[in-house]
Each structure stands twice: as C-alpha cells, then as structure tokens.
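*Asks:* These are the residues of each chain, in order.
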Amino acid sequence: MSFIRLAVMTAAYAAGACVVAWAAGMVALAGLAPVPALLLKTVLVTLVLVGVTWRGMAVADTRRRDVAVVALAALVGFVADPFTWAARTYAGQLVADAGVATLALDLVLWLVVVVGVAAVARRDVRTAAYA
Amino acid sequence: MIRRLHLARARGLRGDAGVGTLEYIGILTIAAVLITAVVLSLTSLRAREHAEAAVCRIAEAFDMGGGCDPSPGRDPEDYVPPEQCVVSSTGRDDSGSLTVVVTVEGGERWVIEQLGDGTYRLTRAREGGVGIGVGVGFDVSVTNDNETYGVGATADASAAVVIGGGESYIARTPEEARRILDHKKNDETKDFWFGDDNPLRDGADWINEQLGGSNEFEQLEADEWFVEGGIEGDASAGATALVATADAEATLAAYLGRTNRKDGTSTDYLRASMGLSGGLEGHAVTGAGYDIYKQFTLDGEATAVVEVDRDADGNPIAFRLRSVTSWNAVGDESYSGAGGIDGDPSYTERVVEIPLATDADRRLATRVLHAVGVPYYPGVTDRVDVAQTVLDRFNPVDLGVDLGTAAADRGFIYEQTYTTSTTQDAVNAQGKVGVELGLNLSAIESSRSTTGYRYYDGTGFVERPECVV
Chain U
0 MSFIRLAVMT AAYAAGACVV AWAAGMVALA GLAPVPALLL KTVLVTLVLV GVTWRGMAVA
60 DTRRRDVAVV ALAALVGFVA DPFTWAARTY AGQLVADAGV ATLALDLVLW LVVVVGVAAV
120 ARRDVRTAAY A
Chain A
0 MIRRLHLARA RGLRGDAGVG TLEYIGILTI AAVLITAVVL SLTSLRAREH AEAAVCRIAE
60 AFDMGGGCDP SPGRDPEDYV PPEQCVVSST GRDDSGSLTV VVTVEGGERW VIEQLGDGTY
120 RLTRAREGGV GIGVGVGFDV SVTNDNETYG VGATADASAA VVIGGGESYI ARTPEEARRI
180 LDHKKNDETK DFWFGDDNPL RDGADWINEQ LGGSNEFEQL EADEWFVEGG IEGDASAGAT
240 ALVATADAEA TLAAYLGRTN RKDGTSTDYL RASMGLSGGL EGHAVTGAGY DIYKQFTLDG
300 EATAVVEVDR DADGNPIAFR LRSVTSWNAV GDESYSGAGG IDGDPSYTER VVEIPLATDA
360 DRRLATRVLH AVGVPYYPGV TDRVDVAQTV LDRFNPVDLG VDLGTAAADR GFIYEQTYTT
420 STTQDAVNAQ GKVGVELGLN LSAIESSRST TGYRYYDGTG FVERPECVV
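Going down the list, the protein sequences come from chains U and A. Mind the numbering: the first sequence is residues 0 to 130 in numbering that gives the first Met the number 0, read in order. Mind the numbering: the second sequence is residues 0 to 468 in numbering that gives the first Met the number 0, read in order.
Calculated directly from the structure, the hints in this document are not laboratory data. Keep in mind the model is a prediction, meaning the values are calculated, not measured. All C-beta atoms in this analysis are idealised placements derived from N, C-alpha and C, irrespective of residue type, glycine included. A portion of the hints provided could be inaccurate.
[Said to hold, decoys possible] Covered by chain U, per the in silico footprint, the following chain A stretches (three or more residues, Cβ under 8 angstroms):
1. 141 to 147
2. 195 to 206
[Stated by the list, open to error] Cβ pair distances, simulated, as ranges:
3. A:D424 to U:V99: 34 to 44 angstroms
4. A:G202 to U:R64: 33 to 43 angstroms
5. U:V99 to A:G164: 24 to 34 angstroms
6. U:V99 to A:E220: 26 to 36 angstroms
Model the full structure from these sequences, guided by the hints.
*Replies:* Encoded structure:
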C-alpha cells in the first residue's frame with residue numbers, strides 16, 4: 000500500500016469524522032435531544048470509518064501488514080480530528096462526560112471498527128482476486 | 000425454615016414501623032412549620048392593620064386628629080417594599096421520571112416574569128432526585144391540554160430526595176429575555192458538543208455568526224443564582240376510565256436553599272409546602288347526544304418560606320416570613336373541553352419583613368425561627384430563651400402581633416393576589432410487574448397574572464398599581 004494512499008486515508012479519517020460530527024452538532028443545535036444527536040454522530044462517524052477503510056483497502060495487492068498500517072493511519076487520523084482535542088470524537092459521550100474516559104473509549108472503538116473493516120475488506124479483495 | 004421466614008418478616012415489619020415513624024415525624028414537622036408560619040403572617044398582617052386603623056378612625060371621629068401618621072422619621076416611600084413585584088409571567092416546566100424499584104426523576108423549567116419596574120426576569124432551573132415508593136394497580140394514560148385519556152387504577156405513596164439549582168437574568172424587554180433563554184440553551188448544547196473554550200468552540204461560534212446567528216448572551220453572567228435541596232412526599236389514589244378520571248392526592252415538600260446575587264448579597268431560605276387535591280373530571284354525553292366535559296375538583300395549597308437576607312460580608316440584615324395560600328373549588332361543564340372551564344386557581348401571598356439591625360430585631364427573628372421549628376441560624380439565633388420559645392409555641396398570635404408591629408414600624412408588610420393558568424401534556428405508564436415500574440413524561444406551560452397588590456404605608460394598606468396587570 001502506497002504512502003500517498005495512506006496519507007489520503009489519514010486525511011479522510013480526520014476530515015470526514017470532523018465534518019459529520021460538526022453536522023450532527025448543527026442538528027443538535029437545531030433542537031435534537033442530546034442522546035439522539037449522539038447516536039446520529041456515532042452512526043455518521045462509523046459510516047466514515049467503514050467507507051474510508053473499505054475504499055482504501057480496495058487494492059488487489061494488500062498484504063497482512065497493511066491492516067496494521069491502516070490502523071496506524073487511522074490512529075493518526077484520530078489524533079488529527081479536532082473533535083479529539085475536545086475529547087468528543089465518537090460515541091464515548093453516550094456513557095461518560097467528555098474527558099480522559101471518553102478519549103480512551105473513542106480511540107478503542109475507532110481502532111476496533113477500522114481494524115475489523117480492514118480485515119474483512121482484505122479477505123474480500125483477496126477472494127475476489129482469486130475468483 | 001418457616002420460623003426464619005417469620006423472623007425475617009418480623010424484622011421487616013420493625014423496619015417498616017421505623018420508616019413510618021420517621022415519615023410521620025417529617026409530615027408533622029412540615030405541617031407545624033406551615034401552620035405556624037401562616038398563622039404568624041396572618042396575625043402580623045392583621046394586628047397592625049386593625050390596631051392602627053382603629054386608633055386612627057376613633058381619633059378622627061372625635062376630631063382629635065393624629066394617630067394616622069407613619070412612624071416618626073420614616074417617609075411614605077420608605078414603606079414601599081424593596082423586593083421587585085411580579086406583574087405577570089409565562090413559563091414552561093419539563094420533567095420526567097423512570098421507576099425500576101427506585102424512581103429517578105429530573106426536570107428543567109424556565110419562567111419569564113414582568114417586574115414592577117418594567118424589566119423582565121428570566122429564571123432557568125433544573126432539578127433531579129431519587130426516591131422510592133409503594134403502590135398497587137396500574138395506569139396507562141395520556142394527557143393532552145389537561146384532558147386525560149387511558150385506563151387504570153392506582154394507589155401509591157412515595158418519597159424523594161431532590162436537589163436543584165438555577166439562575167436568573169434581568170432583561171429590558173420580553174424579546175431580550177427570550178433571546179437570553181435561547182442563547183443559554185445553545186450555550187449548553189455547544190458546551191456539550193464542542194466544549195466551552197477551545198478552537199473547536201471558537202469555530203462553531205464563528206460559523207454561527209457567519210450564518211447570521213448571534214452568540215451575544217451565551218456568556219452572560221447571571222444576576223442571581225440559587226441552589227436548594229429537600230424532600231418531597233406524595234400519596235395518591237386514582238382511576239382513569241378511557242375519557243374520565245377520578246383522583247385524590249396529597250403532597251408535601253420541604254426545601255433548604257440559598258440565593259446568591261452578583262453584588263455579593265445572598266438570601267437563605269427554608270420553604271415548606273403542602274397540597275391537597277382531588278375530584279372528578281372527564282367527558283360525558285348529554286341526553287341530546289352532545290359531548291360535554293365536566294369538572295368537579297377541589298385543590299388546596301399552602302406554602303411558607305422563612306428567608307434571611309445577608310449583605311456582601313455575610314452579615315444577616317433582614318428577616319422575612321412569606322406565606323402563600325390557595326383554595327380552589329371547581330364545579331363546571333363545557334362543550335369545548337377542559338379549555339372551556341374557568342378553573343384557574345387564585346393565590347394570596349403575604350410577606351412580613353423586619354430588619355436585623357438591633358439585638359431586639361434578632362431576638363424577635365429568633366422567636367419566629369424557633370416557633371417554626373428552626374433551632375439555629377448563624378448570626379441570628381445566638382441566644383436561646385427556652386421559656387419564650389415555649390410561650391410562643393403555645394401562643395403564636397402574640398408573636399405574630401410583635402412581628403407585625405416591628406414590621407410596621409421598621410420593616411415592610413405587603414400582600415398580593417394572583418391567578419395562575421396551566422396547560423399540561425403528559426404520558427404516564429406505571430404498574431407492578433414483580434417490582435415497581437413506571438415512566439412519566441410531562442410538559443406544563445403556565446402563566447400568572449397579579450390581580451392585587453397592597454402594602455402597609457404607615458397608616459393602613461394602600462394599593463400598588465404598577466404591580467397589577
């Protein structure tokens with residue numbers, strides 16, 4: 000997997016998650032209650048993570064280590080997302096006030112989703128290539 | 000095994016008996032505070048009024064003049080109560096509770112009051128509590144515009160510990176008060192979503208302004224804010240049969256709180272209230288086949304508040320006794336539903352205030368505090384006169400006269416009447432499925448109009464027109 004592809008994925012993780020979290024925030028300001036708004040943000044950020052990872056892994060020559068490399072790109076994307084600086088990246092606020100706990104929870108969820116999707120996408124791409 | 004069960008049951012009953020005794024003491028205490036405070040406020044109001052008026056009239060009847068003059072050295076305008084009067088108000092109260100054995104409840108409310116000086120006061124408050132109750136039966140009902148539909152029959156009793164707080168802002172117009180309310184709500188959402196002070200929040204505020212929005216009042220400092228905590232109890236029984244309800248309810252509450260102001264001054268208060276309500280209301284069909292709404296209800300409420308004002312250095316400077324009473328009986332029917340029935344309750348609020356400038360003032364305040372069951376208040380109840388306390392307990396009328404005389408000479412006495420109107424929307428589901436279960440959501444919109452306001456001006460009671468709608 001090329002460095003440029005990884006850089007694009009990193010930027011897409013950070014910018015995509017930030018934009019959809021912002022959009023959900025606007026919906027919350029328009030009057031949606033906090034919990035439904037947080038659920039909306041969680042769904043939208045998940046779609047971004049799944050979409051970027053799946054699209055990024057859609058090359059025929061992916062190797063096993065590419066999953067780890069994509070996880071690293073996702074980690075950098077997580078750190079680059081401005082919502083992470085405010086400890087409000089993903090679904091953590093559903094269970095705790097913004098802070099260290101939500102930061103840790105968001106990071107774990109973020110990586111679980113990316114690594115899970117990357118593993119499935121790699122197997123899918125290899126199966127398609129063999130076929 | 001059976002013996003163990005009996006022992007366990009006996010232990011349980013002993014425990015229940017203890018709780019019952021505590022509840023009983025709690026009810027009696029709140030009732031004593033209420034009754035004493037209401038008696039004191041009534042007697043203090045009337046004693047001075049009647050005595051002065053009688054002396055004045057007799058003197059004038061015999062052409063002897065005098066007697067009607069205010070206290071020496073006190074101008075007529077000095078008798079005008081310093082507390083801002085509320086002319087009218089509108090507000091909303093949203094609350095909810097969830098019961099799974101234990102009840103967790105919470106709510107928030109806001110009210111915009113038009114004050115006598117032409118300004119508007121926005122108050123926002125939130126409260127939360129946890130409680131426990133026992134009951135039988137079930138209820139599933141929906142309330143829309145005060146009309147309840149559903150099925151069920153319940154009888155239950157509950158008690159809860161509640162804490163709350165809020166803040167107030169003064170606005171020049173009702174529109175400004177509304178904008179402050181909207182901006183403060185936005186501020187809370189932004190705090191939750193973006194944080195209070197970081198580049199993300201700055202960006203959110205900037206974009207809001209670029210889109211034509213305003214953040215003007217988001218960081219506005221409150222003019223006053225309060226925190227309070229207390230207990231609430233409720234016992235009720237009722238039945239809902241599709242479009243008609245029959246119910247009876249008794250409530251009681253006691254709160255201790257403090258209000259702080261921007262200028263450093265503060266007010267400590269103890270508030271106790273009791274309410275009784277019940278009746279029959281719902282839809283019926285007339286002989287001619289028309290739908291008609293009937294309401295036969297009786298509501299009663301009494302609230303007493305003991306307040307101590309403190310200056311910016313924390314020294315007690317004024318003592319106030321406030322009582323609010325209301326009785327409202329409704330027997331009416333309407334072809335246009337609950338909205339067609341004029342059942343708005345009317346309240347009478349009486350306030351007696353004395354300064355805490357001298358030892359005599361503090362002794363009098365101490366007597367009142369002891370009479371209503373407050374054993375100690377820092378800076379006021381420094382001396383305890385057990386004999387006087389016992390005397391006042393048995394004869395609160397004399398204490399009321401002393402309080403009224405002091406308030407007439409050096410403090411303030413005033414009384415206002417107002418009506419309130421409420422519209423409620425709610426859903427309720429409760430029952431016992433092995434354990435107590437329940438869910439309640441409620442939204443109440445309310446308004447208030449002051450219909451009368453009078454204060455003692457040194458010679459008798461006079462109206463205060465700027466405080467009346």
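*Asks:* Take the hints in turn and mark each one as holding or not.
*Replies:* Here is how each hint holds up against the structure:
| no. | hint | verdict |
| --- | --- | --- |
| 1 | 141 to 147 | violated (count 0) |
| 2 | 195 to 206 | holds (count 6) |
| 3 | A:D424 to U:V99: 34 to 44 angstroms | holds, 41 angstroms |
| 4 | A:G202 to U:R64: 33 to 43 angstroms | holds, 37 angstroms |
| 5 | U:V99 to A:G164: 24 to 34 angstroms | holds, 26 angstroms |
| 6 | U:V99 to A:E220: 26 to 36 angstroms | holds, 30 angstroms |
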